[in-house]
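2 protein chains.
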Amino acid sequence: MAATIHPLKPGHAASLEPMMALVAGDMNRVNSVILDRMQSDIPLIPELAGHLIAGGGKRLRPMLTLACAALLDYPGDRHHKLAAAVEFIHTATLLHDDVVDGSDMRRGKTAANLIFGNPAAVLVGDFLFSRSFELMVEDGSLKVLKILSHASAVIAEGEVDQLTAQRQLATSEEHYLGIIGAKTAALFAAACRIAAVVAERDSAVEEALDRYGRNLGVAFQLVDDAIDYASDSEVMGKGVGDDFRDGKITLPVILAFARGDGDEQHFWREAMAGRRVSDADLAHATKLIERHDAISDSIARARHYGQRAIDAIAPFPAGPAKSALIEAVEFAIDRAY
Amino acid sequence: MAATIHPLKPGHAASLEPMMALVAGDMNRVNSVILDRMQSDIPLIPELAGHLIAGGGKRLRPMLTLACAALLDYPGDRHHKLAAAVEFIHTATLLHDDVVDGSDMRRGKTAANLIFGNPAAVLVGDFLFSRSFELMVEDGSLKVLKILSHASAVIAEGEVDQLTAQRQLATSEEHYLGIIGAKTAALFAAACRIAAVVAERDSAVEEALDRYGRNLGVAFQLVDDAIDYASDSEVMGKGVGDDFRDGKITLPVILAFARGDGDEQHFWREAMAGRRVSDADLAHATKLIERHDAISDSIARARHYGQRAIDAIAPFPAGPAKSALIEAVEFAIDRAY
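Residue numbers (numbering that gives the first Met the number 0), protein chains in the order written: chain A, 0 to 336; chain B, 0 to 336.
Derived by calculation from the structure, the hints in this document are not laboratory data.
Treat the hints with care, as some may be off.
As the list makes no split between identical chains, a pair holds if one copy fits it or if it spans any two.
Said to hold, decoys possible - As a list, the in silico SDA-like pairs of lysine to any residue whose alpha-carbon atoms are at most 20 Å apart: (1) Lys142 to His174; (2) Lys145 to Thr109; (3) Lys108 to Ala203; (4) Lys80 to Lys145; (5) Lys321 to Pro45; (6) Lys145 to His283; (7) Lys142 to Glu269; (8) Lys145 to Gln38; (9) Lys145 to Asp35; (10) Lys80 to Leu141; (11) Lys286 to His174; (12) Lys286 to Gly107; (13) Lys142 to Gly55.
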């Protein structure tokens with residue numbers, strides 16, 4: 000088949016609407032599975048899980064599984080259960096992340112750990128994680144189990160790696176890319192790849208969808224990390240400046256630090272060590288980041304990965320699924336503005 | 000085959016030695032898998048996991064998989080990887096438990112969360128949990144995956160249930176038994192049951208081994224909870240009185256509260272609410288527990304479940320494996336003295 004080149008269009012008002020419209024029927028089924036399978040005889044479990052799950056979120060990862068299945072004209076319904084499993088893995092990592100980061104906000108609401116306590120957030124995360132494997136076992140594909148159990152281990156490695164790199168200004172861009180590739184992109188890649196498995200397509204298709212998801216995931220996290228210095232909490236749904244106060248070494252910091260003079264580097268060392276965490280310090284950090292174009296260059300890096308995501312699905316036939324997947328990449332990048 | 004009745008022998012100096020001798024060769028293989036598969040490019044992962052895993056512990060759960068496989072004359076080696084998976088699930092729950100409880104000690108050493116911090120303990124637990132599923136996927140049995148993913152979900156439910164019951168003196172003995180059945184006995188049962196799966200025995204054998212493990216697990220936890228009021232930290236390998244200070248409602252407390260007069264019940268309400276947590280309060284609690292025979296009656300309850308564990312394997316032929324499994328039950332109960 001002839002591949003059409005789809006260049007990323009900066010400035011174009013992209014949205015997730017086409018993807019949401021494409022998978023709306025399937026997503027209703029996935030939501031039913033999610034609601035059904037987060038139940039338990041222990042009331043605190045659906046209560047806490049429901050706070051986060053019913054609390055919204057784009058459900059981007061399960062949506063990717065559904066949209067990739069649509070791209071392959073998959074006619075069955077196995078992907079509903081598996082998309083729910085993907086969302087459960089994601090929800091479990093969010094719950095544990097918030098405990099790890101001591102977050103105050105998540106998806107524009109008070110973080111679950113603050114309302115229900117860290118112990119409950121850890122344990123309900125464990126429950127959802129176990130439940131996701133039960134869903135995969137019900138589906139019965141060892142290949143899917145392999146993909147998602149491996150992705151889960153890689154996510155945990157990425158999170159530990161991020162913890163180790165915290166406050167370490169020696170973290171290189173390469174190291175940072177390794178961290179976000181593991182903690183974020185691995186699940187995007189797996190969510191897309193399993194669509195090829197249920198549609199029983201060959202390994203070239205699996206790998207193309209994996210590449211699409213992985214590059215989209217990297218772009219998505221790059222933009223997320225840029226937004227933390229360029230937006231307010233209403234847009235972000237999480238507390239702005241959280242990364243700054245946590246001493247998280249993200250690309251805007253890596254670039255601004257590398258490009259800064261002696262005084263600026265001194266400021267970053269103090270700030271990332273946790274000795275400059277006031278609102279004025281955050282404002283100063285944002286100013287330095289802007290001075291060195293570290294936000295726009297982070298977005299440029301995201302655009303690079305976004306283009307690679309789009310190129311990965313070039314071989315697939317044009318149609319609403321492909322268009323939706325392309326626009327999802329544009330959305331992941333454009334939402335920064 | 001003729002079933003021989005093995006009554007539990009109180010006072011007999013039981014040990015785990017026969018079981019350890021029975022599975023010594025297999026256990027070396029399991030330990031190799033454990034050491035090999037807790038590795039990661041992220042150094043903090045093997046460092047933290049190694050603190051807990053190399054730090055000892057009886058490895059009772061994987062030993063049960065091996066001993067049950069020996070009982071069935073299983074000639075293969077699939078159980079090595081699966082026993083390691085069982086130990087990884089157990090280790091992950093220990094790491095998360097210590098975060099949940101804010102523990103100071105584990106296996107006679109400083110708890111991992113105190114040395115490495117709660118965030119690392121949560122995330123390395125997640126890694127080991129994911130790794131356990133990768134091991135199961137490598138083995139390739141959907142039946143084993145179903146048993147252990149379900150057990151993991153039940154464990155998490157049991158832990159959340161325990162959290163909900165914390166400080167609630169209205170917790171009944173039945174509720175308490177439900178909690179320990181889920182948080183402890185479910186993994187004992189699964190560890191034993193999977194031996195029947197790899198040995199390709201019928202469901203009656205699976206269920207007999209499940210019953211053995213489940214009843215042993217309940218007995219084990221009953222004794223553990225009794226020891227917390229009857230021993231010092233050297234015997235226990237964890238801080239004595241932890242349950243008391245955490246307001247954990249275990250059987251000794253349930254019995255002493257139910258049998259106590261008004262003053263005593265008032266004391267328990269204050270203590271479990273966290274308003275009486277001094278050493279003198281703990282000494283008073285221990286005195287009340289002794290006054291009402293709540294330790295010896297907890298051990299009597301454990302003996303009841305221990306006898307049921309032994310009866311569950313009555314149909315299997317006599318031999319070193321069966322003897323070792325029986326003595327493991329006696330050990331689980333006798334170690335209280």
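Comparing the hints with the structure gives:
In the homo-oligomer, the alpha carbons of Lys142 and His174 never lie at most 20 Å apart, since the shortest distance is 29 Å inside one protomer and 39 Å across protomers. Within a single copy, Lys145 and Thr109 get their C-alpha atoms no closer than 34 Å, and across copies no closer than 35 Å, so neither meets the 20 Å cut-off. Taking the shortest alpha-carbon separations for Lys108 and Ala203, neither the intra-copy value of 41 Å nor the inter-copy value of 50 Å comes in at or below 20 Å. Taking the closest pair of Cα atoms, Lys80 and Lys145 come within 20 Å of each other both inside a single copy (16 Å) and across two copies (15 Å).
Taking the shortest Cα distances, Lys321 and Pro45 never come within 20 Å of each other, neither inside one copy (35 Å) nor across copies (42 Å). Taking identical chains as interchangeable, the C-alpha atoms of Lys145 and His283 are never at most 20 Å apart, the minima being 46 Å within one chain and 53 Å between chains. When the C-alpha separation of Lys142 and Glu269 is checked against a cutoff of 20 Å, the pair qualifies neither within a copy, at 47 Å, nor between copies, at 54 Å. Taking the shortest alpha-carbon separations for Lys145 and Gln38, only the inter-copy value of 18 Å comes in at or below 20 Å, while the best intra-copy value is 26 Å.
With identical chains, the CA atoms of Lys145 and Asp35 are at most 20 Å apart between copies only, with a shortest distance of 19 Å across copies and 24 Å within one. Taking identical chains as interchangeable, the C-alpha atoms of Lys80 and Leu141 lie at most 20 Å apart whether they share a chain (15 Å) or sit on different chains (16 Å). Proximity of Lys286 to His174 under the C-alpha cut-off of 20 Å is found in neither arrangement, the shortest distances being 25 Å within a copy and 58 Å between copies. Taking the shortest alpha-carbon separations for Lys286 and Gly107, neither the intra-copy value of 25 Å nor the inter-copy value of 51 Å comes in at or below 20 Å.
Taking the shortest alpha-carbon separations for Lys142 and Gly55, neither the intra-copy value of 30 Å nor the inter-copy value of 35 Å comes in at or below 20 Å.
Of the numbered hints stated above, those contradicted by the structure are hints 1, 2, 3, 5, 6, 7, 11, 12 and 13, listed in ascending order.
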